[in-house]
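**Student:** Chain by chain, the residues run as shown.
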Amino acid sequence: MKHLLGLRELSKEDIIKILNLAKDMKTILKSETKKTPHLQGYSVVTLFYENSTRTRTSFELAAKFMSANTTSISVQTSSVQKGESLLDTVKTLEALKTDVLIVRHSVSGVPHFIAKNCSFSVINAGDGMNEHPTQALLDMFTIRERLGTIERLKIAIIGDILHSRVARSNIWGLSKFDNQITVFGPQTLIPPYIENFAYVASSLEEAVSGKDVVIDLRIQLERQKRGFITSKQEYYKFYGLNEDIMRYISGSTLIMHPGPVNRGVEISSEVMQLPNSTIDEQVTNGIAVRMAVLYLCTRKEGIYR
Amino acid sequence: MILIKNAQIVNSIHDKNEKADILIVDDKIEKIGINIEENPDNMIIIDASGKYVMPSFTDIHCHLREPGFEYKEDIKSGSRAALAGGFTTICCMPNTNPPIDNRAMIAYIKYRAKEVSPIEVLPVGAITKGLSGEELAEIGFMKEEGAIAISDDGKCVMNANIMRNALLYSKDFSIPVISHCEDSNLSEGGQINLGYVSTITGLRGIPREAESIIVARDILLAKETKAHLHITHVSTKESVRLIKIAKEWGVNVTADTCPHYISLTEEEVLGFNTNAKVNPPLRTQEDVEALIEGLKEGVIDCISTDHAPHHKDEKNVEFNLAASGTIGFETAFSVLFTYLVEKNGFDIGKIVELLHHNPRKIIGLSPNVIKEGKKANLVIVDLKKKWEVKEDNIVSKSKNSVFLGKLLTSYVETVIYNGKILKKDGVLNC
Ligand SMILES: [Zn+2]
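Protein sequence lines correspond, in order, to chains A and B. Residue 99 in full-length UniProt numbering sits at position 99 of the first sequence, with consecutive numbering throughout. Residue 294 in full-length UniProt numbering sits at position 294 of the second sequence, with consecutive numbering throughout.
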C-alpha cells in the first residue's frame, strides 16, 4: 500500500487487512515497552494545515511506537507565510528524504494532489470535507471489537453530514460491508444525493431507533454565521444526543463520537459516560489503526500495487 | 491564386451542400464551379477531396489575457490558437489588467491586434468601470472606438439597478450586453457543481440556481428595457428553460453555451482534476441534454469557446486555489462535431450556423459564406480524422484543456483568411 488517501477507493479486503493488523498492533500498545522496530530508519513527517492536537499526536505516537524518526511541520512558522506553494513544500519534503507524509488540509483533494506530485507515501489525516480515512477505520475497528462484526449492522450517523469528512469516510467504508446506514441532521447540513448512499431519516427518533451503532458528529459552531444552524441551544434540543433521545436508544447501542466533543451541544456529559459510549476507546484504537496503516504504507507488498 | 479542388461546401443548414472547386484571387472568392481549370504556374492547388469546406468561425467570448497576464496568453499567441481552431474573428473579454473599460484600452487592443494578430480581434468593453459592478463605464466612447459588446465577464453585475441602467444605456449605442450570470452569494466558496460529485468529493458546491436566478433577473430587465441581452456560457437546464420562455415572450435575448458544457459532466472532477474546474461549473448529463436540445431548437443561439488560458502553476495546486477555466479554441469544432453531429445527429450545416452565422449576427456582423465575390475566409476540415488532445499539440501558451486525453473526431486542417493560407494541412503558417 503506497498511500492511504480515502476509503472510497479502498477495497473491502484492504480494509479487513488493516483492521486485522490493527488488532496485533493493539497488543503491542498494551505491552510495557510499546516499541517495535517496524519503522526503524523511516522518516515520517506530519504536515498539518489545520490544528488538531489529537489526530497529530495519535499519528506521531503510532510512528514513534514503531521506532520511526518523526518530524512535525508546524505550518504557521514555516513556508506558507513565506509564499511557498504547496508544490514547493512537497518538493522540499522529497529532498529531505521523507518516507511517509501525514497530511491534514482544509481543502478536499490535497492529499491526492500531493500523491500525484511526489515519490513518498501519503496518508490522509483529513482533507476538507472529503475524507478522514483513519478515523473511519478506527471507528470500524471499535465497532468490530465491541460487536464482533462490521457486517450487516444498522448504523446511524447524526449531525453535520455536509461538511463531515468523518461521515464520508464512514459511509464509504461501512457501505462495503452490507451495513444499513441512516443519516440525520438539519436539512442545511444534508448534502444532495446522499440518499444514493444512505437512508435519510426524517427525525432524530427515527434515525437512532433500533440501531446497533450511533455515530455522532462534531459540529463547527462557526456554521451558525453562515446560516447552517441557528444556535447551540436549539441544536442540542433538536439534533443532540440528550437524555430525551436516550429513550429511543437501547443499552446495547454503541454511541460513538470522533471528538473533540462539544459537551451539551452534540451530546450530553451523561450520555458520554454511559457504558455503551466508546468515545475514549476510540482514541486508543486510533493509535493501533494508525500503526497498521503506517506499517502497510512502508511495505513493498502493499494494498496498492 | 488558390484553387481548392473537389471541395464539399457547407454554408449553412439551408443551403444544399455542393461539391465544387473554389478559385480564390487576392482576398476574394473569384469563382465556384465544376472542374475549374488548373494552372500550376500561378496557382496554389489544394486537393480537398473527401474534405469539407465551410466559412471560418467567429467566437464571441474568449480571453486573450493581454495586457496583464501575458504569461498565460497574449494577443498573438491567443490569435494563433484561435486560428488553429478555425476561428478568424474573435471577441476578447475585458477582464485584463488593467481592464478594458475605457476608450484608450479598446484602442490599445485594436492596435496590438493589428500589429501581431493574423486574424480579426474585436474587443468587448466592460459594463462597469474597473469591472467593479458599481459605475457604468463609458460605453459610448468604447463603442465609437470599436467595442462590439459590453460585459463584466468573470463577474456578475450583482446590483440589479446598475444592470438595468447598463441595458437601457446600451440601447443608444446598439451594443449587446453580455451577461455572466452568477449570484455571487450563492456561489461563494464553491468549486464545482453542487450535486452528486460535490457530495462524493467533499468539494464545495455551487447550486445551479446561482446561474439561473440571474438569468431570470436579466431576462426580466431585458423585457422591461427592450435592450439586447446576451447570456453567455449557459450551463443549466433551468437557464435554457428560462431563455426559451423569454424568447416566447419576445424578449430581445440571445444566448451561447460552450463546447465543454454540451459534452462533459461534473464527473470530470472526480480525481480532483483541476483542468475540469471551470466557471460556471460542469453540470450533469441532464443539463448536457437540455443544452443540446436548446441548440437544436434555437433557444441557445450559438457556441462560444470561453477560451480561458491559465498557467500550469495556477492549475497544479490545491483544488480551491486552482484558477477556473479551460482553453477552448483548438478543440471547439472537433468537440461540436464529435458530440453534436456524431452523437446527436446534428446536420453539419447547423454547426456552421452555431460557429459562424449566429455569433456574427449577435455582434452585428454579416455572414461571410462561401459564395463568389465574398471574402475568402474559410476552413477545410477532415471530418473523419480521429485525434487525441495532447499538451504537445496545443498551440495556445497555456495547456489547461479539459479535453486533454479525450479522443475527438474531425480536424480543422486548413484555414484561409482574406485569401491567405494561414494554416495548411495542420501546420500554422503565421
Ligand atoms: Zn469568460
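Any given hint could turn out to be false.
[As the list claims (entries may be wrong)] Here are the simulated EDC-like pairs of lysine to aspartate or glutamate, each with C-alpha atoms no more than 20 Å apart in a straight line:
(1) B:K315 x A:E84
(2) A:K225 x B:E188
(3) B:K171 x B:E135
(4) B:K315 x A:D88
(5) A:K91 x B:E267
(6) A:K116 x B:E30
(7) B:K312 x A:E151
(8) B:K19 x B:E30
(9) A:K91 x B:E391
(10) B:K406 x B:E391
(11) B:K312 x A:E84
(12) A:K116 x B:E391
(13) A:K116 x B:D313
(14) A:K116 x B:E267
[Unchecked claim] Under 10 Å between C-beta atoms, here's a sample of chain B residues computed to sit facing chain A:
(15) L194
(16) L321
(17) S324
(18) G426
Hints listed in this document are in silico derivations from the structure and should not be mistaken for laboratory results. Keep in mind that this is a model prediction, so the values were computed, not measured. Don't be surprised by glycine CBs; every beta carbon is placed ideally from N, CA and C.
**Student:** Hint by hint, note whether the structure agrees.
**Tutor:** Verification of the hints:
With a CA separation close to 16 Å, the supplied pair K315 (chain B) and E84 (chain A) stays within the 20 Å bound. Only pairs whose Cα atoms come within 20 Å are accepted, and K225 (chain A) paired with E188 (chain B) is accepted, the gap being roughly 14 Å. The straight-line distance between the Cα atoms of K171 (chain B) and E135 (chain B) is roughly 17 Å, inside the 20 Å bound, and the hint therefore holds. Our distance criterion of 20 Å between C-alpha atoms is met by K315 (chain B) and D88 (chain A), whose separation comes to about 14 Å.
Distance restraint check for K91 (chain A) and E267 (chain B): the Cα-Cα separation of roughly 29 Å exceeds the 20 Å cut-off, and the hinted pair is therefore not satisfied. Annotation: proposed proximity of K116 (chain A) to E30 (chain B) is violated, straight-line Cα distance about 56 Å (limit 20 Å). Taking the CA atoms of K312 (chain B) and E151 (chain A), the gap is about 45 Å. The hint is violated against a cut of 20 Å. Under the criterion of a C-alpha separation no larger than 20 Å, the hint pairing K19 (chain B) with E30 (chain B) is consistent with the structure, at around 16 Å.
About 23 Å separates the Cα atoms of K91 (chain A) and E391 (chain B), which puts this hinted pair outside 20 Å; it is violated. Simply put, K406 (chain B) and E391 (chain B) have alpha-carbon atoms about 11 Å apart, close enough for the 20 Å limit, and the pair holds. Restraint check for K312 (chain B) and E84 (chain A): satisfied, since their Cα atoms lie roughly 16 Å apart, inside the 20 Å limit. For the given pair, K116 (chain A) sits about 18 Å from E391 (chain B) by alpha-carbon distance, which is consistent with the 20 Å threshold.
Distance hint between K116 (chain A) and D313 (chain B) is fulfilled; the C-alpha atoms sit about 14 Å from each other, no more than 20 Å. Between K116 (chain A) and E267 (chain B), the direct Cα distance comes to roughly 19 Å. Compliance with the 20 Å bound is thereby established for this hinted pair. A distance limit of 10 Å between C-beta atoms decides the matter here; for L194 (chain B) the minimum to chain A is near 6 Å, and the interface restraint holds. Contact between L321 (chain B) and chain A, as hinted, is supported at the beta carbon level, the nearest pair being about 8 Å apart and thus within 10 Å.
Interface restraint check for S324 (chain B): the shortest CB-CB distance to chain A comes to about 15 Å, outside 10 Å, so the restraint is violated. A least Cβ separation of about 32 Å between G426 (chain B) and chain A goes past the 10 Å threshold, and the interface hint is therefore violated.
The structure is inconsistent with the numbered hints 5, 6, 7, 9, 17, 18, although it conforms to all the rest.
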